[in-house]
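Chains as they are written, first to last, in our numbering: chain A, 1 to 304; chain B, 305 to 745; chain C, 746 to 1028.
Treat each hint with caution, since some may be false.
Between beta-carbon pairs, the in silico distance windows are [unchecked claim]:
id, chain 1, residue 1, chain 2, residue 2, range
1, B, Q692, C, V770, 52 to 58 Å
2, A, A35, B, R430, 36 to 42 Å
3, C, E914, A, S19, 22 to 28 Å
4, A, T195, C, V823, 54 to 60 Å
5, A, I206, C, E914, 27 to 33 Å
6, C, Y776, B, Q659, 39 to 45 Å
7, B, Q659, C, D812, 18 to 24 Å
8, A, G34, B, N660, 41 to 47 Å
Here are the simulated BS3-like cross-link-like pairs (lysine-lysine), alpha carbons at most 30 Å apart as the crow flies [unchecked claim]:
id, chain 1, residue 1, chain 2, residue 2
9, B, K614, B, K558
10, B, K537, B, K724
11, B, K558, B, K500
12, C, K820, B, K500
13, B, K636, A, K270
14, B, K606, B, K497
15, B, K650, B, K346
16, C, K786, B, K478
17, A, K270, B, K721
18, B, K739, B, K458
19, A, K270, B, K361
20, C, K786, B, K655
21, B, K650, B, K633
22, C, K820, B, K636
23, B, K614, B, K362
24, B, K346, C, K820
25, B, K606, B, K619
26, B, K343, B, K636
27, B, K500, B, K646
28, B, K478, B, K458
29, C, K786, B, K343
30, B, K646, B, K346
31, A, K270, B, K650
32, B, K361, C, K820
33, A, K270, B, K739
34, C, K786, C, K820
35, C, K786, B, K362
36, B, K478, B, K650
37, B, K558, B, K343
38, B, K361, B, K537
39, B, K633, B, K343
40, A, K270, B, K724
In short, the hints are calculated from the structure, not lab data.
Backbone N, C-alpha and C define an ideal beta-carbon position, used for all residues, glycine too.
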Amino acid sequence: MNVLPARTSSVRVGRRRLSRDERLGYLLILPSLGAVFVVVTIPFVLVVIQSISSEDGTLIGLRNFTRALENPLLYDAIRATAEYTVLVLPVEILLGLSFALLVHRTVLRPGLRAAIYVLAILPLVVPPVAIGVVARLIYAPGYGVLNVILERLGLMHQEVNWLGDPTLAMLAVASVDVWQWTPFVYLVLFSGLQTVPRESVEAAQIDGANWWAQFRYIDLAYLRPLFVLIIFFRLADVLRVFDHVFILTGGGPGTTTQLLSLYMYRVEFKFFDAGQAAALAVLVLVSFSLLYSLISRALPLERA
Amino acid sequence: MQSITRREFVKRTALAGALLTPIPAILEACSTGTPTTTKTTKLTIAAVQGAEDGPLKKVAPMYQSQSGITMEIVEFPYDQLFEKLVTTFQANGSSYDLCMMDDPWMPKFGTMGALQPLDSNFGFTRDSDIPSIVYDVGTWPPPHGPVPPSEQGKSQHLYGITIVGNVEMFMYRKDLATTAPSSWDDVLANAMKFNKPNFYGYVIRGKATNPASSDSLPILWSFGGDIFDTSWKVMLDSTESIDAITFLTQSLKKYAEPGAANIDAADRDRLIAIGQAFQSTTWPAEVTGVVEAQGVSQVIGKMAYIPIPKGPSGKGLGMMGNWLLGIPKGSKNGSAAADFIKWLIKSDNMKTYVQNGGIPTRTSLLNDPALGQANPYFPALAQSLAAQPNWRPRTDQWNAVETIYGTAVNQAVAGLKSPKDALTAAAAQVRTAMKQAGYPS
Amino acid sequence: MSAMASGRFLRSALAAIALALAGVVYGFPLYWLVVTSLKSKGELFASTVHLVPHNPTLAAYTSVLIDRGFLVLLKNSVFVCVSTVVITLATGLLITYPITRLPLPARLRVNVLTWALSLRFLPPIAVVIPYFAIVRTVQIYDQPIALIGIYSLFNLPFAIWMLKGFLTEIPLELEDAALVDGASRWIAFWRILLPLAAPGIMAAGIIIFTFAWSEFLFALILTATPNSQTFPVGVQGLVTQFEIIWNDMAASGVIAMALPLVLMIIGRRYIVAGLTFGVIREK
């Protein structure tokens, strides 16, 4: 007798609270989302308007787009960006994963783990400009310390022209990215490995699973959503790469390391071709939105 | 029930309010930074970071103590200064009362109408002690040479006063070679003669864009090549132009330092200063900043400075690289800024400025024996200025052209393309760019 | 048994060697940054490169902080970054609290998360000019508020994802218990949820601080004078055409590292936990 009314009343209370909470939810979320939406959308609208206008503001249709697409330098930039991405992404993920596994399995002393953490954090806190300068001090012809070391170790007899050869220059530029971002990948994956439940690992070990099987069936399953996120963040970052390339090679030799970000910067701030720059921006924004909608399907969001 | 809801509501608003309060507070805190006063208490100068603005930083405090006006110098590296100025001018911002400008930027700022005319607004006149080319370079539209189509018919005004009398020159080790090279053939012969392991016969400043462009233009001109002719026709793929770049990127490159495609001025000066190279082109700022600098250079007193050697055209053409001071339209302190420029170029003050490492334009100072003692390149600079050095094409498209041309030269230095292919492609790109900008093609 | 033991020993020895080698290769650029900052100008011009500075000096540090007046820029950086952290976290909580604690439709939640992440795909170089135009129009050019606003916006995705991760970890029951006891939502949030989430919020704050700290492109375009210039703008100013001031440059790099590094070390445990963004635990 006592139990039943109590239960119905709690259900009623629950239902009432639900609708109130829902209202509260919307009340909190909508203004902030709305504000952010407006702040994000205005520049986008401005870019689109700029992209179909000439310098004096008259609408000229798609002429800026044809100019942007007819420019052979655009394709050099796309090629360079693709090369850079293909070089950088797999290396960072493989290296980051190897170190995460290595440290997770073999380094158990908390002090050492802490030291590795600090080391891994460092590249994330050095200003990119300083990284560029250090990279230049390492790779530069003449006073570059890499050549000095290679020479003293007897590994090199003739000066290696790291920044003047197209292939080496691209590798040099990519190596800086790998140096800076592998630790990030490591940190994310290492954190992920920490969350793999001990029971599943122990169960697998009892079942006689070897090193590889343990990794393949347990760790990897847990890490999969993180891989997607990492690939996502790093892809988004490819268009942010700027400082170290600018200082290290300035896009050279020729235009071999002129990534899309450098190229857009050049059109905007060297050529002061606002129309073409806006057209490029629109093209990049549209293709990245498409890319995003493809990737976002794989994002670990559904298990909400 | 009602009352609870109301209380709930109040609390929700309080929550939202609490989270949002910092925003207006900060907004307010930030927007109180710009007081409007009628009397000038501070002058802000946008300057280029490096040897060019060093002396300015030294004399500015002197002016500050004389005038009571606070002098604030904001420094930017070369590339960023230009972008910063253009964006600030587009915004008609009042951030800067004075700006340092490299002379090839003059056309862009002139076309934009970004600067206050110094002659009509502040009564500047030409001083006979200063070569006329120095005033010409600060005048827009240009008093000689081709004028951009959009600028024809505009009335000429003086917009910039040179405070760094840069002209590109040539330097070589006089302790090794007894006679100065008089032609680029001599330069090549010397390069071959003095080149040995770990000592380079010639230094190419070949880094993409501005460096490669600046390094090669004097050679291009001395060979009779050019970027444009007098009616804006692109000449980059002419035989003379191709010969000039072939000379630099093939003949001279044989004796040049490895990795030339990535060498900028600082790298070149290091090679010269540690005694590992024989000769190169040079700017005065490199001489004072590195090559003749105590505690840094090992070749002090061993270098000779001469105007650019002659090419097959029979002329040796130096390149102007003057740094000017101008007053942005947006500045609210125009007359105070003008007073500072007038103070700075007064003969006595200019002398103090030069004693602090400044590069003068006054003939009297350039020929002053005492100053020449400390600055061994002064005679060469005086000669170069007197010989009417070339300036870079007076078009607001120059930065685009320089980027295209400087990339082509870099490609040739790196051996990615033959000089002919690189220049032909560059010429086509420049033609497209100029046509789009409304120039005759 | 002994074969297995020696095998294990071999494995850990190999691992140690691999780690040590990687540590050396990886640590070298940092070493070189510090070494360069300790060299004098004369030493940078030595004919041979010294792997260890012969006459280490702190001159570059005083030159950067005092002579060049970068202290002002440091102060600006701190102000901008702290404000960014406050605003980003506040906005982030306003968005993540409802989607994790309140019964909003799951679709909305997924959409908000997807959309937030898409902001991260916004290439700064593509939008820097329009933002410059907006900043000009509302007349906040060369004022810290312009940078604060934009940094908050660009860091919001990260904040949302990290906060979401931390908030979902806190059992709903804890708050429910308080609500049943008659506490209001606000009290439940303030007294129960916030203290539990505080370490996570702090970690998110530190990461946002770090990102804002090293941002350069917007800082360059939207500032003009030391009124609002941040430290990275000053650092970039040391890359000159003709002068070699690598020691000052390196010193400024070391200085710039110091503060975020200390913060990152303080928040270590929670940062490591936060970096999984809660995507794993939801399985």
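Verification of the hints:
The hint said 52 to 58 Å for the Cβ distance between B:Q692 and C:V770, and at roughly 55 Å that hint holds. Between A:A35 and B:R430, the C-beta spacing of about 57 Å breaks the proposed range 36 to 42 Å. A C-beta distance of roughly 27 Å is found between C:E914 and A:S19, which places it inside the suggested range of 22 to 28 Å. Taking 54 to 60 Å as the suggested C-beta distance range, the pair A:T195 and C:V823 does not conform, at roughly 34 Å.
In this structure the supplied range 27 to 33 Å holds for A:I206 paired with C:E914, their Cβ-Cβ distance being about 29 Å. Here the CB-CB span from C:Y776 to B:Q659 is close to 41 Å, well matched to the stated 39 to 45 Å. Separation of B:Q659 from C:D812 is about 20 Å and conforms to the stated range, judged on CB atoms against 18 to 24 Å. Range check, A:G34 to B:N660: about 57 Å between beta-carbon atoms, so the 41 to 47 Å window is missed.
With a C-alpha separation of about 21 Å, the suggested pairing of B:K614 with B:K558 holds against the 30 Å cut-off. Using a Cα cut-off of 30 Å, the hinted pair B:K537 and B:K724 holds, with the two alpha carbons roughly 18 Å apart. A threshold of 30 Å between alpha carbons decides the hint, and for B:K558 with B:K500 the separation of about 11 Å falls inside it, so the pair holds. Proposed proximity of C:K820 and B:K500 is contradicted: the alpha carbons are some 52 Å apart, above 30 Å.
For the hint linking B:K636 to A:K270, the alpha-carbon distance of about 28 Å falls within 30 Å, and the restraint holds. For the proposed pair B:K606 and B:K497, the alpha carbon gap of about 18 Å is at most 30 Å, so the pair holds. Taken as a hint, the B:K650 and B:K346 pair is honoured in the structure, with Cα atoms around 21 Å apart against an allowance of 30 Å. Between C:K786 and B:K478 the CA atoms are separated by roughly 26 Å; this keeps the pair inside 30 Å, and the hint holds.
Proximity of A:K270 to B:K721 is assessed by CA-CA distance (about 23 Å); at most 30 Å being required, the pair is judged to hold. With a CA separation close to 21 Å, the supplied pair B:K739 and B:K458 stays within the 30 Å bound. The suggested pairing of A:K270 with B:K361 holds, with an alpha-carbon distance near 28 Å, which does not exceed 30 Å. About 27 Å separates the Cα atoms of C:K786 and B:K655, which keeps this hinted pair within 30 Å; it holds.
Restraint check for B:K650 and B:K633: satisfied, since their Cα atoms lie roughly 24 Å apart, inside the 30 Å limit. For a cut-off of 30 Å, the pair hint linking C:K820 to B:K636 stands: about 27 Å separates their Cα positions. For the hint pairing B:K614 with B:K362, the CA-to-CA distance comes to about 37 Å; that exceeds 30 Å, so the pair is violated. Simply put, B:K346 and C:K820 have alpha-carbon atoms about 21 Å apart, close enough for the 30 Å limit, and the pair holds.
Of the supplied pair hints, the one linking B:K606 and B:K619 holds, its CA atoms being roughly 26 Å apart against a limit of 30 Å. With a CA separation close to 10 Å, the supplied pair B:K343 and B:K636 stays within the 30 Å bound. Taking the CA atoms of B:K500 and B:K646, the gap is about 50 Å. The hint is violated against a cut of 30 Å. Only pairs whose Cα atoms come within 30 Å are accepted, and B:K478 paired with B:K458 is rejected, the gap being roughly 48 Å.
The hinted pair formed by C:K786 and B:K343 fails the criterion: a straight-line CA distance of about 42 Å is larger than 30 Å. Among the hinted pairs, B:K646 with B:K346 is consistent with the structure: their alpha-carbon atoms are about 17 Å apart, no more than 30 Å. Taken as a hint, the A:K270 and B:K650 pair is broken in the structure, with Cα atoms around 35 Å apart against an allowance of 30 Å. Restraint check for B:K361 and C:K820: the C-alpha separation of about 23 Å stays at or below 30 Å, so the hint holds.
For the given pair, A:K270 sits about 17 Å from B:K739 by alpha-carbon distance, which is consistent with the 30 Å threshold. For a cut-off of 30 Å, the pair hint linking C:K786 to C:K820 stands: about 27 Å separates their Cα positions. Annotation: proposed proximity of C:K786 to B:K362 holds, straight-line Cα distance about 20 Å (limit 30 Å). Of the pairs offered as hints, the one joining B:K478 and B:K650 is violated, with about 35 Å between alpha carbons and a cut-off of 30 Å exceeded.
Between B:K558 and B:K343 the alpha-carbon distance is near 61 Å, which puts this suggested pair outside the 30 Å criterion. For a cut-off of 30 Å, the pair hint linking B:K361 to B:K537 is broken: about 42 Å separates their Cα positions. Distance hint between B:K633 and B:K343 is fulfilled; the C-alpha atoms sit about 18 Å from each other, no more than 30 Å. Between A:K270 and B:K724 the alpha-carbon distance is near 25 Å, which keeps this suggested pair within the 30 Å criterion.
Checked against the numbered hints given earlier, the structure breaks hints 2, 4, 8, 12, 23, 27, 28, 29, 31, 36, 37, 38 and satisfies all the rest.
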